[in-house]
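Q: The chain contents come next:
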Amino acid sequence: MAMLEVNDLKVYYGVIQAIKGVSFQVNEGEVIALIGANGAGKTTILHTITGLLSPHSGSVVFEGTDITKVPAHKIVSLGMAHVPEGRRVFAQLSVLQNLMLGAFTRTDKNEIQESLEEVYKRFPRLAERKNQIAGTLSGGEQQMLAMGRALMSKPRIILMDEPSMGLSPILVNEIFDIIQSVSAGGTTVLLVEQNAKKALSIADRAYVLETGKIVLEGEASVLMNDDSIKKAYLGE
Amino acid sequence: MALLNGILAQLLNGLRIGSIYALIALGYTMVYGIAKMINFAHGDIIMVGAYALYVFVSLLHVHPALAVVLTIGFCAVMGITIEKIAYKPLRNAQRLAVLITAIGVSYLLQNLALLIFKATPIPFGSIIRVPSITVGEITISGLTMVTLAVTAVVMVGLTLFVNHTKMGHSMLAVSEDQGAAKLMGINVDRTITITFAIGSALAAVAGILYISQYESLLPTLGALPGIKAFVAAVLGGIGSIPGAMIGGLVLGIIESMSKAYISTQLADAIVFSMLVVVLLLKPSGILGKLSIEKV
Numbered sequence: 712m713a714m715l716e717v718n719d720l721k722v723y724y725g726v727i728q729a730i731k732g733v734s735f736q737v738n739e740g741e742v743i744a745l746i747g748a749n750g751a752g753k754t755t756i757l758h759t760i761t762g763l764l765s766p767h768s769g770s771v772v773f774e775g776t777d778i779t780k781v782p783a784h785k786i787v788s789l790g791m792a793h794v795p796e797g798r799r800v801f802a803q804l805s806v807l808q809n810l811m812l813g814a815f816t817r818t819d820k821n822e823i824q825e826s827l828e829e830v831y832k833r834f835p836r837l838a839e840r841k842n843q844i845a846g847t848l849s850g851g852e853q854q855m856l857a858m859g860r861a862l863m864s865k866p867r868i869i870l871m872d873e874p875s876m877g878l879s880p881i882l883v884n885e886i887f888d889i890i891q892s893v894s895a896g897g898t899t900v901l902l903v904e905q906n907a908k909k910a911l912s913i914a915d916r917a918y919v920l921e922t923g924k925i926v927l928e929g930e931a932s933v934l935m936n937d938d939s940i941k942k943a944y945l946g947e
Numbered sequence: 115m116a117l118l119n120g121i122l123a124q125l126l127n128g129l130r131i132g133s134i135y136a137l138i139a140l141g142y143t144m145v146y147g148i149a150k151m152i153n154f155a156h157g158d159i160i161m162v163g164a165y166a167l168y169v170f171v172s173l174l175h176v177h178p179a180l181a182v183v184l185t186i187g188f189c190a191v192m193g194i195t196i197e198k199i200a201y202k203p204l205r206n207a208q209r210l211a212v213l214i215t216a217i218g219v220s221y222l223l224q225n226l227a228l229l230i231f232k233a234t235p236i237p238f239g240s241i242i243r244v245p246s247i248t249v250g251e252i253t254i255s256g257l258t259m260v261t262l263a264v265t266a267v268v269m270v271g272l273t274l275f276v277n278h279t280k281m282g283h284s285m286l287a288v289s290e291d292q293g294a295a296k297l298m299g300i301n302v303d304r305t306i307t308i309t310f311a312i313g314s315a316l317a318a319v320a321g322i323l324y325i326s327q328y329e330s331l332l333p334t335l336g337a338l339p340g341i342k343a344f345v346a347a348v349l350g351g352i353g354s355i356p357g358a359m360i361g362g363l364v365l366g367i368i369e370s371m372s373k374a375y376i377s378t379q380l381a382d383a384i385v386f387s388m389l390v391v392v393l394l395l396k397p398s399g400i401l402g403k404l405s406i407e408k409v
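Listed in order, the protein sequences are those of chains A and B. With the first letter of the first sequence counted as 1, position 112 gets the number 823 in my numbering; the numbers rise by one all the way through. With the first letter of the second sequence counted as 1, position 170 gets the number 284 in my numbering; the numbers rise by one all the way through.
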């Protein structure tokens, strides 16, 4: 059984259908990439999975439980964290306050402290700047904070929306190294990216989304050599 | 020396009335911060609080201390109820619709009070009986001391609550980004409910202090302090809790100084012109949030 199953999902914005029947699975331990151009519906799918949007029809099943109608604020305690597009850190709060909000639903203080130390170890820059106001961090640091904040909930699966957006190539590499190490640490990853090349380079499998439909799916290594993918997304 | 004493006495007057404005302004600013709406019915909660105190003390003969607790509780429940019935269904509506609804709720509360208690002012003596003290040549009334002390305790308590409790942190998170707050596991609806409860409880405290000063009940008694507190909230920077505190105190001092040294009739006009001045010179208010977000 897959860890996360999305079945025939249809989502509307008013009368406009953004997602036209999307199904995919994420197995435990995998890194799955959802790639596609701007406006293909990638962010909409993530928002529907974590309850920020409700679908018109279809279902989302996480670890055997139907979570389609579970409200957004109850998702994180099920073991699913979402790093939203544009980071959305709490700009007026400090780095530490942001991280602690990531552990909002957890109660064991010692375990929270352990997670905090793990996050600081993974992102030493956040430890250096723990009292800095998040809005004054650079884009890359904010991305790290958004990821660290999500990891503070100790998720079994982490959904990441465009982590490379607006970052320099060096930072993009750094962020993708971190995603790989999060995955190596046992967390399942669902990655949404416009940067198809980078996404495919670390993913096990990938789904290609075009105007609300999955048009192609398969092993990332196979897709990387697919001619249509090369032409449309890899710029070759 | 007489002039100095006069100024000091007016400063105390200003701080007393300013404290009441600050307490009301806190409700405006907190609700604005969390729910992004101006709750124009907020001023009428002061009136509800004043009448509730009257009912408990004069009609039901409850001990004043208990009556204060009951009044605060009643207003908190009132705030929650108004939010649930009138504002929650409009959570995703246009801002103008919410604003008009709030004005509607304001009229509803005033007319309910008119229906129940009639239009004739009801005299209601202060329940605060603290002797005045004299420092040098200045006499400080018991009411002034109680008002300042209560306001100071409330402000310190509220600041500690917002910055050092989990609920306070969730309020800060919701005020910045509701979607991201939900992803952290924060129940946004519950946070908004609690904010309304706190704001209304503070309005009740303001109502009790206000009625102790004016000693006469009218269905419209909340309108003027309510709208002045709104000016105070904007002056301090709407959405900012310390801003509301400072804005309230500054406005109170401006009002009492205007009354004493410029003109009693013009005092209200001067207070309201502060809104124009702020909007012209610094629309974000004294402590308005800085835009420091980097992309």
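Since the hints were made in silico from the structure, they are not lab data. Don't take every hint at face value.
Covered stretches of chain A, as calculated for chain B (at least 3 residues, CB under 8 Å) [as the list claims (entries may be wrong)]:
(1) 725-734
(2) 801-807
(3) 812-826
(4) 832-842
The model shown is predicted, which means the values in this text are computed figures rather than measured ones. Cβ atoms here follow ideal geometry from the backbone N, Cα and C, with glycine treated the same way.
Q: Indicate, hint by hint, whether the structure satisfies it.
A: Against the structure, the hints come out as follows:
no., hint, verdict
1, 725-734, "violated (count 0)"
2, 801-807, "holds (count 4)"
3, 812-826, "holds (count 4)"
4, 832-842, "violated (count 0)"
Against the hints set out earlier in the document, violations occur for numbers 1, 4.
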